[in-house]
Amino acid sequence: MNTLREDLHALAEQAPAVDLAARAVRGARRRRATRLAVVAAAVTCLIAFGGAMLLQVRAEPRIVLTPPETKALPLPARGVGPVEQAYRTQCRLDGPCGVLPWRIVTRAGETYELGEEANGPLEVTADGRRIAYYSSSHQGIVVRDLASGKTWKAPLKQPKEDFAVEYALRLSPNGLRFIVSGWGGRRQPNKLVDVERGTVTDLKRGWWPVSVSDGSGPVVLAKPYDMTSQVWVLGHDPIIIRDHTYYYSALAPDGRTLARLGQTLDRDRRPMVQGDRSIVTFDTLRAGGETRTPISGLPEELNPARLGGWLNATEVTVLAVPESPGVIAQTVYAVDVRTGESRELYALHKVALNVVPGLVR
Amino acid sequence: MDRYEGFHEFVRTRQQSLMRTAYLLTGNPHLAEDLLQTVLTRVASHWAKLAKGGNPEAYARKALVNQTISWRRRRQVELPGAELPERAQPGQPHDEATVRRLALRHALAKLTPKQRAVIVLRFYEDRSERETAQLMGVSIGTVKSQTSYALSKLRALTPEEVYR
Numbered sequence: 001m002n003t004l005r006e007d008l009h010a011l012a013e014q015a016p017a018v019d020l021a022a023r024a025v026r027g028a029r030r031r032r033a034t035r036l037a038v039v040a041a042a043v044t045c046l047i048a049f050g051g052a053m054l055l056q057v058r059a060e061p062r063i064v065l066t067p068p069e070t071k072a073l074p075l076p077a078r079g080v081g082p083v084e085q086a087y088r089t090q091c092r093l094d095g096p097c098g099v100l101p102w103r104i105v106t107r108a109g110e111t112y113e114l115g116e117e118a119n120g121p122l123e124v125t126a127d128g129r130r131i132a133y134y135s136s137s138h139q140g141i142v143v144r145d146l147a148s149g150k151t152w153k154a155p156l157k158q159p160k161e162d163f164a165v166e167y168a169l170r171l172s173p174n175g176l177r178f179i180v181s182g183w184g185g186r187r188q189p190n191k192l193v194d195v196e197r198g199t200v201t202d203l204k205r206g207w208w209p210v211s212v213s214d215g216s217g218p219v220v221l222a223k224p225y226d227m228t229s230q231v232w233v234l235g236h237d238p239i240i241i242r243d244h245t246y247y248y249s250a251l252a253p254d255g256r257t258l259a260r261l262g263q264t265l266d267r268d269r270r271p272m273v274q275g276d277r278s279i280v281t282f283d284t285l286r287a288g289g290e291t292r293t294p295i296s297g298l299p300e301e302l303n304p305a306r307l308g309g310w311l312n313a314t315e316v317t318v319l320a321v322p323e324s325p326g327v328i329a330q331t332v333y334a335v336d337v338r339t340g341e342s343r344e345l346y347a348l349h350k351v352a353l354n355v356v357p358g359l360v361r
Numbered sequence: 001m002d003r004y005e006g007f008h009e010f011v012r013t014r015q016q017s018l019m020r021t022a023y024l025l026t027g028n029p030h031l032a033e034d035l036l037q038t039v040l041t042r043v044a045s046h047w048a049k050l051a052k053g054g055n056p057e058a059y060a061r062k063a064l065v066n067q068t069i070s071w072r073r074r075r076q077v078e079l080p081g082a083e084l085p086e087r088a089q090p091g092q093p094h095d096e097a098t099v100r101r102l103a104l105r106h107a108l109a110k111l112t113p114k115q116r117a118v119i120v121l122r123f124y125e126d127r128s129e130r131e132t133a134q135l136m137g138v139s140i141g142t143v144k145s146q147t148s149y150a151l152s153k154l155r156a157l158t159p160e161e162v163y164r
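As you go down the protein sequences, you meet chains H and A in turn.
Here the first sequence stands for residues 1 to 361, where the numbers follow full-length UniProt numbering.
Here the second sequence stands for residues 1 to 164, where the numbers follow full-length UniProt numbering.
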């Protein structure tokens, strides 16, 4: 391995000389100014609201408690309401780290913990009613209906190592059809699995899963190139997108419209590719005719990062994330693709590996 | 008092070392500069806390690795630009090491960002499996498996009998 070490050091010596201190400080000052503006606005609102409250009731002494660590009950066998989000806390750099269980948070605010058997990936259907997770005892994906407790086992055995690398698990709206893909490992699965019919179909390598419909509905894949991407609804011809992108939504209720996050490329700018806070809709069956709409109503500190399922014919879910972690929590919004107007749905658990129902990632 | 007191000195002494790691992680000078600037901006934002009791360099290195992995979707723009010319100098063939290093550069570009990060941390920065796991936020088992996949790929893509 000494040759590899020597060669890596020789390659590293080719790194260009840089002087980034001034630029980094300028960037940090800009971010601080934005943060302070957000805080000032929040304080102003609080003072105004607090003043109004004072006129109505005499203030009680405030008791400030540190919020306790959320307790989670084991996931009941049945009778669980729709999931708002799922998360898995992350190991601290300076602490011990065992296997951390998945937790799901329902829309009613209950938190449940899954057993140790679910120690791989977990995804939630867009309506939050079903979860799919890798079961180490089944050695494959298990889909579970949270209300009835019914489970379906995927007709595909997979070693856990499939999920130790980069992977995607894309569920159909009812969770009974999904694509499981992996990159970087010994095996590179890219399979369409139907747990109701018990079928497994091989998909072409190199195509990334975007959207899977229930039953025998459309399956959408994408493949990025240097400056463009292809979007392919199986059974039709792929169309070309004039951007290198992975940031798509699930297929819209009309069965052919897809949304993606808008971005711009400028080789003289750093970073060269930047999101432009717009949402672009296009027809997956016919190239051209894109509609770009600026997204409004997101806090300045949050940038649209991923898209997900559709809430209705015009609103799609958008995950917005802060530029640097820890300032504001990642938040899920609904964005109207016709007007760009957004409304906040919920914030995600901080410092955790989050799963948002129906998110395309 | 300047909020960024000491930051310039930190960057002046450490940026070239961080840049070398960033360059190996991305394989592209422009992306490496993007990556390092993003990370240094974050370091500057937290400088008051890091300068007091933290370890700015450890923070920066962890951020470099995490940021490059989170940029994985952009790997298609990271293709290495240099092709191996037939001759280094008129009439002079390339020496063995040059050929090998160009092949290594191309092979690194074929790895996933996680695999490339593992190779850089284990064999360039000489970090233990445990340190690598902590920096990447993964288990030691994942570091072992990723190292194994990455080395197999490098061996398959570089001249025979190298990197055994």
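Don't take each hint at face value.
In silico SDA-like pairs for lysine to any residue, Cα to Cα no more than 25 Å straight-line [to be verified]:
(1) A:62 <-> H:323
(2) H:150 <-> H:117
(3) A:62 <-> H:89
(4) A:52 <-> H:21
(5) H:191 <-> A:153
(6) A:110 <-> H:323
(7) A:153 <-> H:168
(8) H:157 <-> A:142
(9) A:62 <-> A:37
(10) H:223 <-> H:306
(11) H:191 <-> H:277
(12) A:110 <-> H:13
(13) H:204 <-> A:110
(14) A:144 <-> H:150
(15) H:71 <-> H:306
(16) A:110 <-> H:348
(17) A:110 <-> H:136
(18) H:223 <-> A:66
Note that these hints are calculated values from the structure, not bench results.
- Message: Need the list of violated hint numbers for this structure, in ascending order.
- Response: Of the numbered hints, 6, 11, 14, 15, 16, 17 do not hold.
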